[in-house]
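Colleague: Sequence:
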Amino acid sequence: MSQSLPNLSQSLPSPGQSLPSRRRFLALAAGAPTAAALLSACGTTTGPVEQPGGSVPDGYSGRNRVVLWSTFADVPGRALQDLADKFNREQRDIYVEVQFQGTYDECAQKAVVGLLAGQAPDLCVLSDVKWYRFYFGDALEPWDDYIDPGELRATYNARLLGEGRVKGHHWWLPLARSTPLFYFNRTLFKKAGVPDRAPETWEEMYGWAKEITRLKTQGKPVALEAYQKIDGDWQFQCTAWQWGGAYSKGLDVTIDHEATVAAGEWQRKLVHKDRIAYMSTDPAGDMGNQLIATLITSTGGLRKISEMAKAGGWELGTGFLPRHKEFGVTTGGGGLGMFKRVPKERKQAAAEFVRFLARPENAAQWTVQTGYMPVVPAATKSPALAKLLTEDPNFSTAVKQLPHTRKGDQVRMMVPNANVQIYTGLQKIWTGNTPAHEAFSDVATRLRKGVDRHRESIEEHL
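Each residue of the sequence shown is one higher than the one before, starting from 64 at the first, in this note's numbering.
Because the hints were derived from the structure by calculation, they are not lab data. Check each hint, because a few of them may be wrong.
[As the list claims (entries may be wrong)] Computed list of lysine-lysine pairs in DSSO-like fashion (alpha-carbon distance at most 27 Å, straight line):
id	residue 1	residue 2
1	Lys273	Lys283
2	Lys463	Lys450
3	Lys367	Lys149
[To be verified] DEER-style ranges, computed between Cβ atoms:
id	residue 1	residue 2	range
4	Leu525	Ser459	28 to 36 Å
5	Glu328	Pro406	49 to 57 Å
6	Lys336	Glu424	49 to 57 Å
7	Arg141	Asp455	46 to 54 Å
8	Asp259	Gly225	30 to 38 Å
9	Gln162	Thr264	31 to 39 Å
10	Lys450	Arg518	45 to 53 Å
11	Arg216	Asp315	40 to 48 Å
12	Val483	Lys407	34 to 42 Å
Using N, Cα and C, we set each Cβ at its ideal position, and we do this for glycine too.
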């Protein structure tokens, strides 16, 4: 295997130095083989990894340093740094350094390259899709070796904890977990004369659309909704279920089946025939600027959108996703993984910070500051979060919707690059007016080839 891999270690800095610039990193990644091959190499490469560059500040000298690679910017980024600062103040043995690495995809790519070069963080935020890549590559350490499984079960929401459990071990712990929420501009709804609530069905919402889209903001007609250009496959997962379809049944690809195609045609109609929806690179920003009246996006955007609504002088509402043939909503977001080649003492120190994050008062602080779901049930009894859930019902919507969620379809979650293939197909529908059956047939062909390549590894690890 090593003969087929590029010699990344000669191109990367020595342990203790920082990773390459974005331009250099992309050049390295472009010359690398498939993600699956890279991850396989990560798991088979032996020897401990060094930490990424950095140092313990003078005020914290003598402590064990823990490096956490984060995917959080803006509001969540500040919230995570606040918790790291709090941890660093409260004890004298460990110093946690948060290093922002970009999007989920960028962070995962950097982790792959770093592992090959013998350099990796002690903790890494991995998305609900990306953690599987490292698990299948045998690159992750089970948390059970550092935190008792009974403690994990007593601490975390059982549904969310279970999503990171495979073959009796916990590989991925909940942190920034979310579901898609239905966001709506209550101020615009009132002006349009439609009910002051989330619609129960897509048909009901379509019936309101005529009145809503008569309104104007900034001199332009208000659109009904916008679809997220990158990672919009996560939200559409729910739409497919609501129409009675799916991306896959197990490892059998079904995105090109009738029901999922019908869901795609629904959105194509809204964009190209009715002209009341569109694709956006920043739908949350569009919501904040009142360019759209509704949006389906992550719970993790709740605090930011709430602040934009307040600044813009309009009132925000949230609700469950609308139904069609059935109700369907998935989970998503990020959790914490730990790489098995990290030295034991660093893993032990990292586990202490994870315990700290899972204390009810700290888990509550995270939810209050970000809007992500409380992954620790006891956090809802914390005074700050209990007050917020009572005073602002928007923050309780995800908690109420969580029992109705289901795990994402297996092919999207487990086949490398499947999510990108799906949202690329959706982009063709949204911007090119490509018929859904044509776009999804092409996606299905690519996904089936991916399943053929990776089925053996997936089935072995499950």
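Colleague: Flag every earlier hint the structure violates by its number, smallest first.
Modeller: 7, 9, 11
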